Amino acid sequence: MISKARLSRRGFLGGALAATGLAIAGCGGGEDEASGTPQPVETSETLPKRGGTVHLASLTPVLSLDPHTTEGVSVATYFYSYVVHVTDWQGNVGDLAESWEIVDELNWIFKLRPGVRFHDVPPANGREVVAEDIVYSIERIRSLPGAFEQWKDWTDKHEAPDDGTYIYRTSKPYGYMLMTLGSPLSAIVPREAVEEFGDLKSHAIGSGPFTLDNYARDEGLEVVRNPNYYRPDIPYIDGTNIRVLPDDSSVQVAYRAGSIDVYNADNKLKADTVRDVGGTSVRSYLGRPYAVFVLNAARVEAFKDERVREAVDIALDRKAMIDKLYFGGAELAGPVGPVWDTALPPEEIEQAYQRDVAKAKQLLSAAGAEDLRFTLSFGNISNWADRAAIMKDNLAEVGITVDLRPGEIGSWLADMLGGNFETTSYSHLAYLSDEIQLQSHHTYGWGRTEASYLGIEDAEVDSRLDQIQETIDDEERIRLSQEVQRLVLKRHGPTLVLFQPYGYWCAYNYLKGYTPTAYGFGLYKYDYWIDKG
Amino acid sequence: MQTYLLQRLFLAAVTLLIVVVMAFSVLRIMPGSAAEMMVTEQGYAEDVQAMREKLGLNEPVLSQFWDWLSDLFHGSLGESLYSGKPITEEIANRLPVSLRLGFLMLMTGWIVGVPLGVLAAVKQGTALDEMSRATAVFFLAMPTFWVATMFLVFPSIWFGWAPPLRSPPFMDDPIANTKHLIWPAIIGGLPISAAIVRVTRTLMLEVLRQDYIRTARAKGLGQWAVLYRHGLRNAAPPLVTMMGLQVTALITGAVILEQIFGIPGVGRYIIQAAIARDYPVVQALLLITAALLLASNLAVDMAYGYLDPRIRLR
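Protein chains in written order, with the working numbering: chain Z, 1 to 533; chain W, 1 to 314.
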């Protein structure tokens, strides 16, 4: 069987895309690069101003507008409302839901905000959003092939007893309920739009802050302010234009010429190319992609031995990778990346990742694996080849021979999905909660596939991860999460997390009121404005 | 002439058949398929097997080939695996953009190339001649992607200027639309003009040494009349056939320039389709491109045969 989700399918591509630079739409606190101090939400001296259009660039075509598919989700938050909004990596505020309560850990009752309307275009024609729309939207997500796994696994039933009440009953307690409802993939769509158009690939009729003006998948899209948005003054801007550009240098050129207002660089060196452009601020944020090294024990028997995995793990020089590949612009990442509040303290991660060549050699010798040799497969995009080369050198120092196996992204992906690799390294994509990253350390992956993808079963880790998913209380979940992370670190794989790089948000100073994040101006944050004086 | 024409048509048909087979098989030989690419994106199928089933990729290859061939004979290029739209529709949306770009490239090539070539011939051995030849060699030697990249990067650094990112449809605003295409057209047209400069110069030098030119001058005709009516007109036929051979340069140039300048034409479409393993689209575009090249080469052969009886009699 071709396994589908030990390593999240969406994560593969998302990571690849982010590595190549999509990132128009994620999270993480902004940090002023110049001062190095944490950047709070902008405290502009000017009051918000209405008007103006923000011009952005995307390095990949906007393949679809369907918010329930990965390819359309990057722009979904412009058009759609959600039951709740995720304000940072783990916080929620109501959007369509004005309030909610949890009854007996299984029933979530959401009271909806009255007067929220769909865009005033056919076929919705500005009608009010009701609870039945949420039922329909969640059902649509569940019915799509390869759907958002959480909805399939955790739904018992959900219903709309009246227009203003939505009740969701989970099959067992589910701690990530609000994160799932607040995911950009959980957009609320009007049934009549799907029925009329067949799909939502080229149409966007939601109840969000912007309406679609025009869209061409190879060229980009233009959105304009929704005058009937339920927050009367929001958004402040008149609209946003997103242009598809072929590569980073084209985006840099467009930024220098003032054709776009923001350049979202994925490393310091790229940010430096526009740093000297007049009126530019460069601010960093922890990006969504995080690098991993995956050991496939189903192909290399030696990886079943924890000593061998440990040897590989402590042979890797993560800091050298950060310095050489990102010029210092990345953080060491544990089983859960540093953007989440469940992450282990940095000093603990640093301690766990101490490189020790002598010990690695001893471990290999003890395991009888002195002549260990394997291939390292990777997609030939971004700096993945450079990363693989550093890993090869690191491992050579402890006597491990690595044969690099670069592949065009399509062929690498095919190998990856088929489990046809001995080891691989790529950039995975972080989501709104730590659930997917944490649960990807489960023997059967976060989507709980039928087979162990990487040939290593660990009942202890698995049962603890199951327990975390079923924990509603935030504080308890954090405690349990950190415990299992320590356990995963001791197991040394089969998925070794390496680091999480910063992104660099280069923007003209006339853009005000935003916090730079990997999701652009901030996920679900629409109160930024343009002030050209 | 008829035999010559039939021979050429037969060869073109055989070549096209080989292209049809290659266009079909090359993508399938490559590792990775549209199924894997598409299944990584939510909302298409449950897993790779289901995706392959949905796309008809589980059918025997010969059966897939036959289906495609029979669709072709019925005038259908199939549907894009990604958009689900007919490929003819997808191409029809993009073709006008590429045609306008190609036309502007050709215009640039000819408007710059012919006069400069004539001038270089007339001023043979002077600094002007040397300079035009050196410039021609420069533009022939420099890869289009490099010139285009330099053109984008340096003006943005020096002057904060960049060509427009997009334009309104031609029918809405022809001027703004042309402004969007003019820079890539110039960059793509310069190598064409370089080739034309060299050929025009050589042809004109040959023609200008002919007796009838001396006679024309002896009759007291002015320089312009000698060059245009007696010189260029006699040098023109090989130049016209050369235009047919430039279709290749136009197609390859369009693929590169459309990508670099973000122009939504057929060239950019073929790159995106190839990356996404959108087999039917790539197959269709390969086929169309090959057919276009064959047609232009056939036209050139015909023109040669018509202009030079030695060729058709050989």
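If you're looking for bench data, these hints aren't it; they were derived computationally from the structure.
There's no promise every hint is true.
Stated by the list, open to error - Chain W side only, calculated, beta carbon under 7 Å to chain Z, not exhaustive:
id : residue
1  : P96
2  : R100
3  : G160
4  : W161
5  : A162
6  : S167
7  : M171
8  : T252
9  : I256
10 : P264
The structure presented is a predicted model; accordingly, all values stated were derived computationally and were not measured.
Every residue gets a Cβ at the ideal spot worked out from N, C-alpha and C, and that includes glycine.
Hint by hint, here is what the structure shows:
The criterion of a C-beta within 7 Å of any C-beta in chain Z is not met by W:P96, whose closest approach is roughly 14 Å, and the hint is violated. A hinted interface residue such as W:R100 counts as satisfied when its beta carbon comes closer than 7 Å to some beta carbon of chain Z; here the least separation is about 16 Å, so the hint is violated. Residue-level restraint check for W:G160 holds (minimum Cβ-Cβ distance to chain Z is 6 Å; threshold 7 Å). Look at W:W161: its Cβ gets to within about 5 Å of chain Z, closer than 7 Å, so that hint holds up.
The beta carbon of W:A162 comes within 3 Å of a beta carbon in chain Z, closer than 7 Å, and the hint placing it at the interface holds. Taken as an interface hint, W:S167 does not check out: its beta carbon lies about 10 Å from the nearest beta carbon of chain Z, beyond 7 Å. Interface restraint check for W:M171: the shortest CB-CB distance to chain Z comes to about 15 Å, outside 7 Å, so the restraint is violated. Among the interface hints, the one on W:T252 is violated; its C-beta lies about 16 Å from the nearest C-beta in chain Z, farther than the 7 Å criterion.
At about 10 Å, the closest approach between the beta carbon of W:I256 and any beta carbon in chain Z exceeds 7 Å, and the interface hint on this residue is violated. Taken as an interface hint, W:P264 checks out: its beta carbon lies about 5 Å from the nearest beta carbon of chain Z, inside 7 Å.
Of the numbered hints listed earlier, those contradicted by the structure are 1, 2, 6, 7, 8, 9.
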